[in-house]
Structures are given as C-alpha cells and as structure tokens.
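There are 4 protein chains.
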Amino acid sequence: MPTILGQNQYGKAENRVVKITRDGATHHIKDLNVSVALSGDMDEVHYSGSNANVLPTDTTKNTVFAFAKEYGIESAEQFGIHLARHFVTSQEPIHQARIRIEEYSWERIETSDANSKFIGADEVKHSFVRKGQETRLTQITYDGEKWEVVSGLKDLVVMNSTNSEFWGYVKDKYTTLQEAYDRILATQVSSRWRFNWTDDEQKMPNWEKSYEQTRKHMLQAFAETYSLSLQQTLYQMGARIINNRSEIDEVRFSLPNKHHFLVDLEPFGLKNDNEVYFAADRPYGLIEATILRDGCEARIPVDMTNL
Amino acid sequence: MPTILGQNQYGKAENRVVKITRDGATHHIKDLNVSVALSGDMDEVHYSGSNANVLPTDTTKNTVFAFAKEYGIESAEQFGIHLARHFVTSQEPIHQARIRIEEYSWERIETSDANSKFIGADEVKHSFVRKGQETRLTQITYDGEKWEVVSGLKDLVVMNSTNSEFWGYVKDKYTTLQEAYDRILATQVSSRWRFNWTDDEQKMPNWEKSYEQTRKHMLQAFAETYSLSLQQTLYQMGARIINNRSEIDEVRFSLPNKHHFLVDLEPFGLKNDNEVYFAADRPYGLIEATILRDGCEARIPVDMTNL
Amino acid sequence: MPTILGQNQYGKAENRVVKITRDGATHHIKDLNVSVALSGDMDEVHYSGSNANVLPTDTTKNTVFAFAKEYGIESAEQFGIHLARHFVTSQEPIHQARIRIEEYSWERIETSDANSKFIGADEVKHSFVRKGQETRLTQITYDGEKWEVVSGLKDLVVMNSTNSEFWGYVKDKYTTLQEAYDRILATQVSSRWRFNWTDDEQKMPNWEKSYEQTRKHMLQAFAETYSLSLQQTLYQMGARIINNRSEIDEVRFSLPNKHHFLVDLEPFGLKNDNEVYFAADRPYGLIEATILRDGCEARIPVDMTNL
Amino acid sequence: MPTILGQNQYGKAENRVVKITRDGATHHIKDLNVSVALSGDMDEVHYSGSNANVLPTDTTKNTVFAFAKEYGIESAEQFGIHLARHFVTSQEPIHQARIRIEEYSWERIETSDANSKFIGADEVKHSFVRKGQETRLTQITYDGEKWEVVSGLKDLVVMNSTNSEFWGYVKDKYTTLQEAYDRILATQVSSRWRFNWTDDEQKMPNWEKSYEQTRKHMLQAFAETYSLSLQQTLYQMGARIINNRSEIDEVRFSLPNKHHFLVDLEPFGLKNDNEVYFAADRPYGLIEATILRDGCEARIPVDMTNL
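Chains as they are written, first to last, in my numbering: chain D, 34 to 340; chain P, 34 to 340; chain Y, 34 to 340; chain A, 34 to 340.
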C-alpha cells in the first residue's frame, strides 16, 4: 500500500457544560466549553472502517457531563485532569487524551443598593452577568505517565495611550514608515503558559490562584513597560510571569499590533496633538515569541494563528 | 417611467474613532464606531448618476474625525448631536441626518499593588483593558427641527440560576415540552430606549449618568424578578426603567432565550439536582416587546433582528 | 399603572431543518433556517406571567420539523405559508404569524469523469457540496386575511473592475477626496423584494423560478450599468427587477461600498495603472434605497442594518 | 538573567491585495490575503527594544503590494515564493520567511443571454461575483536553502445523504448512542497538503492545476466512499490525493462531523423515513489525521484547530 496513516486523533469538540453549585441561596457558576481528543490504536478504523477500538465521540460528550456531577468543577485544569485520566486508564486502545477547555467568567449582579425596589430585598445571590473580557483556556495532555498542562487566555484587549515609540529600524527601498516618538500601543493578547507540574507525585499548583496572578503580572508588565517595540513589551510580559510564578516554565504570546493611526487633521486647519486616532482593522503587525525559564525546553507549539 | 425611487439614505459607516484626552499624566479614552446616514434631495444621483447634491461619504468620514478634535467626545449622544446638526444645517440638499454610534468601554489596568516591580511605580494612568461586556449604542436623528435620540446596548449576557418557572401554557398536537418549576433563565440583552428630549429648547439629559442608571435598573429588574415567563421578566425590566428614568418614554427589548437544558444523567446512575446543564446554541426562543410610558407613542422600530 | 405594553412577538428562532427527498438513488436537499414569530392576545403573559395564551416556542420548533414531513419543502416561500397559516388558524390568541427563512443552496459533487476510481462508478447522486454564495431569504407574514411575502438575499459579493467613475460631487471644508474616472466598484448585496401576491384567491407565483430570475436580473444590471455613482447602479438593479418581474412591486437594497483603493506605488518607482488595489474593511460607504413600481406603496422597512 | 527568548517571528498579517489584469476588455482578478512572518537575528529587539535588525512590518506590507505589480500574481504559491525569497536574500538578519496566503475565487457574471437589456450587449468581461465556497490556502517557508510549500483549503462543506453507517463501536458505562445503518455524513473540510518540491533545482509543479485536481480527487473520494466511519472516509480522501498527485507527499485533514440528527416525529403520529433532520451546531465530532506517501516524513503540524 503506497499510503500510510500518520498522527490521528478524534473526540467530541465544544461540549458546553454549565455547572451550578448551590450554597444555600448563594449560587456559584462554572461555564466551560470542553473538547476531547483521543489517540491510540486507531489504524483499523481508518483503513477498514472497523470501529472495534472506537469509543464513540458521543460517549466522550456524555462523560464530560457526567463528570461535572461526579467530580464537580473545581477549576478547568482539575476538571480536564479527571477527564484525561479517565479516558487513558479506562480504555486500552486509547494511549493519549488531550482535553481543551475554554472558560467564560461571570460576576454577580449587584442588587443591594438603595435604588432597588425589590420588596424585602436582600442581596440576590443567583443572578449573574457575563464578564465578557478574556476567555480563559487550558489544555491537559496525558499519556498514562506524564501530564502536560498548558493554560492561557485569548481576546484580552489592552492599550497604552503613551510611553510607546518606534524608530531606528531598517530602511530598504520599500520603506515609507515615519518614525514615531509617542504612539498608541494596543494589542489583543493571546497567550499560553506551560506548568512544570508533570507528575502525580508532584504537588499540584493552585490553578485558580495561578491564573489570577499570571493575568495580573501580564497586565502590569504591559502597563509599566516604556516600549520601544512591541517585541520588547512582549518579552517583559513573559519575563514578569516567569520571574513571579515558579510553577510556570514557558510562555508563548501572539500579539497583533492593533494599529491606531494618528489622523491627519491639517487639511481642516486643525492640529492633532496625539488626540484623535483611527483604529484600523487590517492589515496588522503580528508579533509572536516564546519566553522560557533558563534551562527549560520549549514545548508550546509556535503556531497559535494557523495556516 | 414605470419605476420610482422610494426612501433612500447614504453615508460612511463604521468610522472607528479613538479620542485620547490627557489630563496631565492621567489619560482618558473614548472609543467609538460612528456611522453616518444622510437623506434629502437625492433623486438625481439615483436616476442619472449626477453627484451635484452628493457630499461624498469620504467627507462624512473626515467630519467625524475632525469633530472629535473640534468638539471632543463628551458622550456618544452629544457627539452624534454635533454631527447631525452639522450635516443638516450646512448642506442644503441634506434634509435629515441619522448618526449611529457604538461605544466600547475601557477600564484602567491597576498597577499600584505590592507585586508591581516597576521602579518608582506610581500608579500608571495611561494603560487600559477593554471591558468587553455590552456594547453601548446610540442613534441620533435630526431633520432640522426635531431630535430623536434612541440609546441602548447589545450583547449583555445575564443568567438567573433559579427563581424561574414555565408552566400552564397551551398544549396542541405538536407540544412535547415538559413543564418546569425551577429552571435557568439566561438571555443576551439587546435593548433600545427613546428619550423624550426632542428640542433644543428643552434641557438636555445627562447622557452618561442616564446610561449608567438605565443599565443598572435593567440588571436589577432582571435579577429581582421571580419569573414565570421570559415575557414577564422583559416587561419588568422595561417598566423599571420607565418608572425610574423620567427622561425615557419607550423601551424595546429583543431577548433570545438562551436555553440551558438539564442533562439527563440517569443512564449513568446519577441524579441531576439542577446542577449540570447543556448550554444550547440553536434554536432559541426569541422574545421581543416594547414598553411605553402611558400616553406616549411607540416610535422605536419593532425589528431589531432583521430578515 | 404608568407603563403599558406595546408591540410584542415571540417564537422559536433558527430552527435548522434539512429535508432529504429520495427519487430512487437520486437525492434532493432543502436546507433551511426557520424562525417563527407570533403575536396576538399576549398582554397577560407580560403583565402577570400567565402562560394561558402561550403556545410554547418549543412547540413552534416541533411544528417546523413536523411540517417538513407533512407538507415537504417545495420552496422556502411555500413552506413558510404552510407554517404561518397553521399558527394563525389553529390558535385563537394568535392573530399574526411571521415566518423568516434562510436557505442554503447545494450543488452535486460530480463523479462521472474518467479520473474517478470508483469500481463500477455510475454517477453518485447523493453527494453534495454547499454552494456557499449568497444566502436566500424569505419572510412570510399572515394575519388571517392578507399575506405579505418579502423575499431576498444577502452576502452576494460582486465587483466591476472598470466602468465606474465618481466625480462632480459637493466639496465642503472637510472634503479631501480626489475625483475618480476609472475605479473598482464592489459591493456585498443585501436585497429584499416584495411580491404583490397577498390573497389566497390570487394565482401564486412560481417561487423558485422567481428567485432565479430576480437574482439574474440583479446581477446583469450590476454588470451592464456604466456607473457614475453606486446610487445609480443600485437604482438600475432595482428598476431591472421591477421591469422584468411583474410579481414584484418593491425592492430594497443595502449596498456597502466595498472600497478598493488604488495603491500608491510611486515611492517604489512603480506606476500603478489600475492594477494593484488594497481591499479595505472599515469604514465603508453604505448606500440604501427602495425602488417601487409606480403607484405602489412602500412597505419594506427601510432599516436592514439596525442600530 | 533567568529568562531567555525562544522561537519568535513577526511581520504584517492580512494584507488584502487585489490584482486586476486587463487583456483588452477582458479582465482577470486575483484576490489574496497575504500574511508575512519573518525570523532570524532578533534577540536585541526583544531584550532591549533596539530595532536595528527590524525591517518594519509596514515595509513588509508595502513589499506585498509592490510585488503584485513587479511580478504579477500567477498563483498564490508563486507569489509567496517571490516574497519569501526577497525577504531572506535581501536582509541579512532575516534567516527565514513564512508567507501565508488565503485566496478568494471569483467567477464571471454572465450577461449574454436573451434577457439582457444592455444596448448592443456583447458579453461584459469585467464583472464578477465571488464564488464564496472554500477558501484556498498556501504557506511558503524558505530558509535560504530549502523550500516548504503547504497548500490547502478550508470551509468546503460537503454532505452524503446516504451510504454512511456507524456501528460496532466500544460501549462503556457512559455510552447511550444507538447504532446507525443509514445516516447523513456531513463535514466542513479543512485540509493541508505538502508538496515534495523543496529546491530551486527541481521542476516546479503547476500550482493552479495541482489545486484544481487535488480538490476534485478529494471531493470524489468523499462522494464515492461507502462510509463505516468518518475516519475511513478521511483516509480515502487523503489516499486518493497521494495516489493521484505525485507532487504531494502528505495530507492532513481536520474534519468536524457536522451532525444531522434524525428528528423523532412519532409523538406527532408521523414516520421519519430518513427524511427530516435537525442540523446541530455544537458539540460536534472532530476527526483529524495525516495520510503520508509511504517512506515520507510527516511535517505538517498536527494542530489545525488550536488551543
């Protein structure tokens, strides 16, 4: 046979599970989008269509919902670990499981103020508004021995309205760009970070606290860096995380440079003193890099944008 | 000629203007998406292609950016009023202007905590993260005499995890739905409200405060209503606004019922005590209605979803 | 009570129904997205939450799927007519039904050529590829007496690479645009057209043929018009339809001017002789108008883009 | 310093270039979305913000537009090869260039039929309608010595309305799926294929013909395979390409199983004889695999969906 099968994986993608936990009248939400990808001894289903080794994708979906009840959802990472372990240890033909999770965050609707007309209004504790900022991400991979946990976020839009320059670059025959000494720097952060927890014997990180702190360090580094290039800012964001979070060894960023062009108002007799900008869509600069703890191996795939 | 021209309008849509205001080291952002639609004496351009009465859409774009400098952006509503007045009063063939604005809100990145490594870190006052929740909307219409201001929001996602029932409905031969006595009620609010300010002689509302309070009343009514149907909740949301905001005479809602289906876990020997839900995409219920101050006329078009 | 209920409607939106018809080994597809909106005697559900007059949206969904079996799907229009008639005539509190349908078209995968390796390959007649061009639309409204049928399309992207000019326009202090004597004219057509069939006594149009012919006339008018403005082209597209299709009395267009800017290559020592263009996203001109058969009333809402 | 820089790249993404070629009155279009990613000796810009080695992303944008004039756009692949060679050979610090291109196809608007009212209408040869089916893709990577060309497509939606079964699978405690002996098989094809052209000394493939033939073989294999699992169909699609196109050594697919669920019409007294289906959105099965020419190395990254 002149063709052979290479890497392959399958499972149910985008299982939208919402878990409500009731602590008396106070409710808590976890809102996840869970995707399962399994691989192992799957040659026959590709070559002949025999499903003898195939746990249906429908079953992987059922498992996601059942586990939300059986184990609860303490964190996206912990939930993914339960799922990955189950698939690899319960099905002989499955040698590896990869669980990807998106998490959407919610905050409470405040109802206790004086304007509330609700009769006998105590604070309502079962009402939520979706936060709608970044989407939190995690990916759990397990092969029966080692764990790889890569968490991250996407769609976090940030802007510095000053403290950004860009000059001193290469100029070739196609270069027309003017140097800038005070520009807006804005990006939509997509980031992934890899934990050095790989083994059931190690102490597991506090996933919730780790996320909150990593996000904070990233934002503060963005705000506090006086930027000579988006590459420099990117590096500072990654280094700040590595330096502050010992559980993380590697960070990858994909940062579109969301251009805000100063509008030329001179034709109208007006001076634009870094006040009025046109927010452009396409094209955009795209800056991507990995920052590593010294001595550690890079394992996060470099491609977060795809062909 | 057997065909005639009916209503028509034209202009530049989606002008993305960002205005930075510097108050010393403290910066402020306004981030708008402005669409201009003009109408008037425009038969000839349709019939013969004569542009003699046509102010180019490119000019309307330039005007948006120039006005951000000339007038600043105090609020989306005030900015739209400046623009609409300009087009109608400066161009004889233009009899009516409609300015639509989307506004994206930003909050400051906090940098003052103890973890911040910035040397000599005072709080940074030029760094922002996009809030990413609802999009604020306004539409200003001016015909040279009267103003119509319709503001609103879209994409505000809310959920009550209890205090919602649905029963006692009509059952015909196609009805299979089971009655529900404790369900999740979730929706993605799209709302528009019309102000009773119509005349330059009237005192203008405080647009920023009005928006903030209207949004708050809407959210609180959603949270505090014990719901027997999404229609009932919708009505309470509108009535709460009309009763608390004297500047508003009419509210329209388009509320998709974002179904969260309780997952049947019995096949797995598990009991689902209102804990685990499947968040469905399509189809969805769609509930739409207008709430009016008694004696006022309905003027907001009923269709917010389009053919 | 100081607030009252205005116009309201409800139903299940975006029911995705696919109907396969088997004519021996030859299969046929209809692929629709059906949205139901009902209105009538619905005050109580808004005021008190009583669902006594409410046919559940879930039932309207079931009806869509059941009718695909009971009546088949001859055309989107005919299918919508069956549904609208059913809801209005079978439920006393429902006084009006509006059915909106999107239709996705498919074409057959060709398998009969010499390269096909299929053993004993006759042409396969059950394999399809989605056409992926415009989405066909229709909206059926019925109040128990009169019908209104508005059909249309969206997302049909067209371009003329010459025979378009733009000059002779108004110039004010904000005008910087240069006149153009040979430009690209491109747009993404969104159009709706209203039929003069309103009564069961009238002969019903051939909906499938009408759509095909209306689309063809629209495209040909776009191609054949030497354009001095997009408004002129729009008018010709509408007039061509009215003049050729006696079943249609009114056409509405919403045409974004998808700007293709000639790139300035002079800084690189190159001459751009109407060859290389930058296809821009935002902002864009937006040209909207209604064309009517003389003597007919305009009934299609002017707003196809929404606040 | 405890942190180090890993893999990094930068450039201007999504340059939307449209090239018109005039052959007398007959015009031709190429419509591309070009993304440039450069890497090399870029440590300093990350560590210190020095841009001394950085060719601005704005310059890479200018180069795309200038090359459309200088070299024309014979095919997306050939255009990418010109660009990649330029960046690597003209800038010493740049060691590798990766050019990604999306191509949108257009077809002519037909105007020659009898219904055309155009006075003296010859066929119009400058009017186009966007085809709107799949998006064609290519990625060119060059390091100064070797080329890697990976082409592909996305968003090609296909369906077989019969000749698909699914049974004989593993059943565990979470399995509830019923076996199916005649189901709809539908997917939205995302595929990439790698050419064995790697060297300027080799004869270059005919990129346009290769795309057309590869697409045809893929579609025919989908149509002609009697399917016992989507994995089996996927393998047949890849094998058909490898067996028929000697210029291609590797194919990767990411195939969502777009579920069409047979609707249960029994509650309404109706029998659903494989006629009426509900087209579901989420969750969906996701089947991914690589097919290789025997003896060849797999080089296409396995992840086409991303974390």
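It cannot be assumed that every hint is accurate.
If several chains are the same, the list does not tell them apart, and a pair holds so long as it fits within one copy or across any two.
When the alpha-carbon atoms are kept at most 27 Å apart in a straight line, the in silico DSS-like pairs for lysine-lysine are as follows [claimed, not checked]:
id, residue 1, residue 2
1, Lys187, Lys52
2, Lys102, Lys304
3, Lys206, Lys291
4, Lys249, Lys102
5, Lys158, Lys52
6, Lys158, Lys236
7, Lys179, Lys236
Worth flagging that the hints you see were computed from the coordinates, not collected in a lab. Note that the structure is a prediction, hence the values are computed from the model and not measured.
Query raised in the report: Out of the numbered hints, which ones does the structure contradict?
Result: 4 and 6
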